[in-house]
Amino acid sequence: MDSIIKTENLSKWYNVGRTDEVRAVENISLEILQNQGVVLYGPSGSGKTTLLSLMGTIDRPTAGKIFLQGRDVTQFSDLELSRIRREMIGFVFQSFNLFSGLSAWENVSYPLVPMGVNTSERFERAKTLLERLGLGDRLHHSPEELSGGEQQRVAIARALINNPQILIADEPTSNIDADSIERLLEILAELKTEGKTIIVSSHDPIFKSHGDVLFSLDRGRLEGISYPSNEGKEKE
Amino acid sequence: MAHSQALKHKNLLFAALADLLRRRVRSLVVTLCLTAILFPLVTALAISEGLRFQAEIAVREGADLYVSADQYGGSGAISVTFIEKLSALQGVSRVTARVIGRTYFANRVVAVVGIDRQSLLALKPLVRGTPPDAPGEVLVGQSIAEEFAVEPGIRFTLASNNRKVFKSAGTLSRTCLWGSDVLIMHLEDANEFFRINGYATQLLLYTSPQSTPHVKESLYDLSNQGRTPLPPLQIEDRSRIQERLQRGYGYMGGIFIVLFIIGAALGISAFFVTSGFGLKELDKEIGVLKAVGWRTWEVLEKVALENLLISLAAVSVSILLSMVWIKGLNGILIAQFYVAEVGLIADVDIPSRYLPSHAVFYLVLALGVTLIGSLFSTWKKARITPSELMR
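Sequence order for the protein chains is A and B.
Going by my numbering, the first residue of the first sequence is number 94, and it counts up by one from there.
Going by my numbering, the first residue of the second sequence is number 17, and it counts up by one from there.
Extracted from the complex, chain A is given alone in its bound form (with noise of 0.2 angstroms):
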């Protein structure tokens, strides 16, 4: 399979030169492939959602590079960033971060808003989306309206709206409930066998065993990669 992802020797520090310096990545240097299911898993403060946004390039490394597809972006303009993420990846964050305001639907589509895509194909396309994952009865309801798991899979469905090759989801399990996250978890299987390439962080013990490959951090460093799709191939 080919390199989707590669990092080298990546470093994102905060507050540089002060004497409250964060270092919150450090040196980590990985590969990710192609339709691979990647956990990044570590402790609060481990560096999950900064390498996360490092990758997803909504955030800028102090140090290192990333490559995408074979091309460093780590120099890319804004507006080259800007033409990744709409095309290429699909964010789900923590907290969601849908519009408060607006309708499931509208949420979901709000991505093809500067697309020139008119207001029927974007109901088709985000309608289609929530059936799939189990919302076409929740359409018209706003965020506020929903459950944490329902809010999440309109967040999903929202980065899933451009059809992008990499799905990343920052800490899926910590705003829903139990049986939320046995969905999440059969959608995401589900999403990788289309293709995608799914990457999650998480502290959360259940995705130990999910995944092809997982990255283990602390404290900012790559403590160690492991395979539980292919248990006993563990290396350090």
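Reference listing, derived: stretches of chain A covered by chain B, where coverage requires no fewer than 3 residues with Cβ under 8 angstroms from a Cβ of chain B:
| id | segment |
| --- | --- |
| 1 | 149-160 |
| 2 | 167-177 |
| 3 | 183-191 |
| 4 | 194-201 |
Calculated directly from the structure, the hints in this document are not laboratory data.
For every residue, glycine included, the Cβ atom is placed at its ideal position computed from N, Cα and C.
We have chain A already, so just place chain B on it with the hints.
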């Protein structure tokens, strides 16, 4: 491609509208603040334009040439015996005389205007009562009539010449702004009152179309070459009066706008400082938009369209409010900037006029205010990484 571009802008416009509606409290507060800034300007310019329009009508309906004697470089009285001579000039269709002076009505300065019978009769639509007919009858300005309870039929004398007794024949209508502090009478009565029999302060020449320059030239010729007993003349033509009018109102409007801009700038700064306009929630939304693939200029376009919609709303509300203020409250607090000797509450009907070009100016101004407040900061934020904005 063009279709897709048009659809994109349309989508952004509707997205902007939807965002304003879902943040309706904030939208309402911003619109009201903008209205509070715009409303005084809209009202003031509407009054200024109304006054200018009335004055222009007066000038347009007036004479083509205003002739007085030149005295030490200023305007002096001119003998009415010249009416006949001036009437004989080629291109002159009519010549009338008028006297304009000042005196006191009790303790109040008033203008005294003496005109001929034909001109007095022409005032009939603007008069409550009847125009002066018999000698000594006077039309009283509405403001004077109200202050001193001068009803038709009441007799009175004026300072300067208290042997001359006048009788009120009627009062000028409230709509006659120029007639607020004026006493209008027969030319002969004004002559008698000012003890200048046989003289007028101006002769008014009405000319046939296109012949004003020729008549003016003839007047200068006659006056300078001494071919007739005409004295040296001061001649004003309508275009110069119109020009002065424009300059006068432009000057007044300019002063108001300068004061307004200084006030508005202070108000806007105070507004942004006190209201903590940064709004963390909006920053986060910009971050989310960028994270889901929106480009910086698309975020900016949406914000600009939100500002445009808010500005349109604020301009519309300001104009409506201004109409109510002027028609219902007679321009209270603002009219006094433009109408001399009008107190807190004007006792004459304040004129107003709303022009499309002014509406465009208000919109540009409103857009400027809102864009200063939002577009630059949005641009700065949109260039920060989405991750940082959402943090």
